[in-house]
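Undergrad: As you go down the protein sequences, you meet chains D and A in turn. Take the first sequence: its letters are residues 1 to 735, numbered as in the numbering used here. Take the second sequence: its letters are residues 1 to 316, numbered as in the numbering used here.
Source of the hints: derived by calculation from the structure; they are not laboratory data. You may find that some hints are simply not true.
Partial chain A-side listing against chain D, Cβ under 8 Å, derived [said to hold, decoys possible]:
#1 E60
#2 S236
#3 Y237
#4 F298
#5 L300
#6 L302
#7 A309
C-beta atoms are modelled at their ideal positions from N, C-alpha and C, and glycine is treated no differently.
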Amino acid sequence: MKFDTPAGTNPIDRLKVVGKATDRIDGPFKTTGTAPYANDWHDPQAKLAYGVVVSAGIAKGRIAAMDLGAAKAAPGVVTVVTAETAGKLGKGKMNTAKLLGGPEIEHYHQAVAVVVAETFEQARAAAALVKVTYTSEKGSFDLSAAMDGATDPGDVQGSPSGTAVGDFAGAFASAPVKLDQRYATPDHAHAMMEPHASVASWDGDKVTVWTSNQMIGWGVRDLALTLDVPKEKVRLVSPFVGGGFGGKLFLRSEALLAALGARAAGRPVKVALTRPQMFNNTTHRPATLQRIRIGATREGTITAIGHESWSGDLAGGGPEASVMQTRLLYAAPNRMTALRLAVLDLPEGNAMRAPGEAPGLMALEIAMDEMAEKLGLDPVRFREINDTQVDPEKPERPFSQRSLVACLHQGAERFGWAKRAAKPGQVRDGRWLVGMGVAAAFRNNMVLKSAARVRLDGNGIVTVETDMTEIGNGSYTIIGQTAAEMMGVTLDKVVVRLGDSDFPVSSGSGGQFGANSSTSGVYAACMKLREAVAGKLGFNSADAVFEDGQVHSGNRVVPLAQAAAGGDLVAEDAIEFGDLDKTHQQSTFGAHFVEVGVDVATAEIRVRRMLAVCASGRILNPKSARSQVIGGMTMGVGAALMEELTVDKTRGYFVNHDLAGYEVPVHADIPHQEVVFLNEVDPMSSPMKAKGVGELGICGVGAAVANAIYNATGVRVRDYPITLDKLLDGMPEAA
Amino acid sequence: MKSFTYERPSSPAEAASAVAKTPNAKFIAGGTNLLDLMKLQIETPAHLVDVNGLGLDQVEPTSDGGLRIGALVRNTDLAADARVRKDYGVLSRALLAGASGQLRNKATTAGNLLQRTRCPYFYDTAQACNKREPGSGCSAIGGVSRQLGVIGTSEACIATYPGDMAVAMRVLDATVETVDATGHERKIPIADFHRLVGDKPEIDTTLRSGELITAVTLPKPVAGTHIYRKVRDRASYAYALVSVAAIIGKDGTGHVAFGGVAPRPWRVEAAEADLPRGAKAVTDRVFDGATPTHENAFKLKLAERTLGAVLTEARA
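Same shape as in the complex, but just chain D (with noise of 0.2 Å):
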């Protein structure tokens, strides 16, 4: 089904099951251990081995020396694979660094080894006697060092990585009130409960992996590239994903060696990455450095907006996209933004949770609660001021739909805004000192082609298989919801597997593009299914109402599950976006209001509440949009008050490599977070007249944290994470 003018009518527009707030149908199989995570995986029929991955003690040089001989001689070790003994191998097209090293070092931790024994416990104690000896090397691994040799990165994901609208030097020198500051972010990790674990088993020339991925279809590929086989011998298995944020969208390490393993050893092999090596063999949010430069008028019309990002990345990679928002969040007559990539010799930088938009709204949301101040402008005032219905680089493209100042307005309402002193540090509860912050979340609704296939038996239930993929967000509840819309039954006659290579290829979960185009897909196998049915049953299929588990025409009702009695009724199809994206502008917007206290004496900040207003299309279920929301704000917390991957810059690695060294928020750190969805349907998005909301959930939050942090005690921070040493010396006299 081509989607390339805006939805009409359509069966979704019933609401009977999509838009309600429904419990997610994989609950019980996760409460009670029954969702198979890749780890638990196991062939019955063969003799399972275990795989512990070696990754190198240097980021950058090459290996002199490695002595298997311990390690092969070691109780219970069956085989050890490394790139001299791999055979021939490629390289994914997602992949940067190889996902074996050897002789080259490339970063700290990268693979170069798998040891494979009979027992986990064997292959771990054998895994420490491989004795590797390097040629270290002088790297790069200092971001602000390495800015002024940063480079033009060219096209990023199909955009320019500079864009210049009017005369931004002129309009920003000329401009009476004007802000030019620095920001940084550092570098992230996505910290994911589950750690990146494969099964992998060969039966002749075809692998299958069992893992967990979120992009079934891009590993496929990677791994075939990799292995340097078709990719029709390769099968991905991945019904469940404990968490993955944009770390588990490639290929990655384990998979390859747990392939490479089985295929020595002659049998399954299962390889997970223990939690140290998390956090420097994968991937993870380069860290960003952010100039912004905002011109107004005194009566808060921005007439310039510049924003300027440098990220690293290793030889090849890409930059951290943080200007992306910048170029469509507000309007300015006179405007500039350029990314400039350094050559870095840290791990590989790639997407996590709203790649671009998260750290880059973390500066320039700043930015404008600076400028606000500056004007004596309300911060929610001056956002409105400046607000923009239409692509403000292209005029002539509209928002699709764009509600930011409802947001705005709402949020503020609700939130008690009114209330907020706008002077800094003069809201006193207790030992606490109380602070309000605004910002705007802003994230784009990207829409990728996304296949289903659904079966109709005769027992009236249809079955959707998709390689779509359940991350935690929901997809298995949506998508069954759908199915369920469209044939007019209940959510219990609806069947779902996800996850699996065999079954037609979807979106995938990434970039909050997810859910809508999978979900669009399965509305497009959907309809096809309708057009069988009524052939079968003899309706004219544009007449059929598909309801109550019946199919209606006239005065004709025919229970649905005739139409299967000779047979299953199979229907396959693909959801394949046009133009609109391109004549619209497509995005989601939301406003994110927190409050926080700083303990006056020790600087220690707590979020005392959050809320967050959003404007992203339909929302399919409210109740796992809301989870996706809250998660999103956790996360924001996060990069506002702790999370770092902290360099060591001589040694070139993220030294924080554990749970307990890269915090994330706990329970105690999140308070009460209230979430609001705006009653929106975009027609120009899909036939769901959905659009993310994954990722708008993170976009903003750090800004509105810090902007608190700044409402509250007069300290402004630009420099993330802020800790509380970062505002000690600027905190009131010690009572």
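Since the structure of chain D is provided, determine the placement of chain A on it from the hints.
TA: Frame of chain D, contents of chain A only:
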């Protein structure tokens, strides 16, 4: 993890003897720290002597009005003990500020005293660390050190003792009781229990080989407001940047020890006379001679301000 042998002795002296006579043997109780370190091959014992079956799990009054806490009393039970809550509030609060509920259910009194540093370089076997591998060097000096020590450190090591419980025990003047392989019992004042690193950072305490902690005794209660204030980057489940254990009397006099700043709970008794003069007078003396790094110099100001907050709380 390396293979190891394992035994369960039937008495404290037998346990001590088992460790003394077996090369590279260690006691195991709750295992909340040791097992993690073994999985990472930071600790590589050849033999584990499991003391969990030895009793030593009672909290009992002593004849001089104090409390005797068995070595195997779990953190959860100790924190909840009615006598501890009533008379040694600083200890109960310190325990509850540490780790998580699940860990406190397993962790023991003796084991908590013996928990090892959380220095990130200690935790990475690819890096030099004098505490893990004597003579290999200290990566933290000149490396990432925000969490690490500001005083009592040396040119060989700037790691901290990371715990909370011992900081409270230090301000309570606790005594560590031990037994060795010959059955000889020893009482070690808590002030002498954790070592300053000097040139032997690999040795955390003054325990001798095979010496087993059997109990910790507390003297009779000290009157005053008992406060444990732990400052950290997140609200729970994190090690202290700075912590303050204090007992402050109505007249402003009292006792104070600091955590998160040194290789042992840090207390300078002579400085306590200055408590009525306020926090700065005390911390100026307590931290006299401090050698912070540029990343953790903030701990000095934080210690002063945290003590100030504690004194304010005690007055309230």
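Undergrad: Can you verify the interface hint for A/F298: is its Cβ closer than 8 Å to any Cβ in chain D?
TA: holds, 4 Å
Undergrad: Against chain D, with CB atoms and a cut of 8 Å, does the hint on A/E60 hold up?
TA: violated, 34 Å
Undergrad: Does A/L300 hold up as a contact with chain D if the rule is Cβ-Cβ below 8 Å?
TA: violated, 10 Å
Undergrad: Close enough to count: is the Cβ of A/S236 nearer than 8 Å to one in chain D?
TA: holds, 4 Å
Undergrad: Minimum Cβ distance from A/L302 to chain D below 8 Å?
TA: holds, 6 Å
Undergrad: Does the nearest C-beta of chain D fall within a distance shorter than 8 Å of the C-beta of A/A309?
TA: holds, 4 Å
Undergrad: Using the nearest Cβ pair, does A/Y237 come within less than 8 Å of chain D?
TA: holds, 5 Å
When each numbered hint is compared with the structure, violations occur for hints 1, 5.
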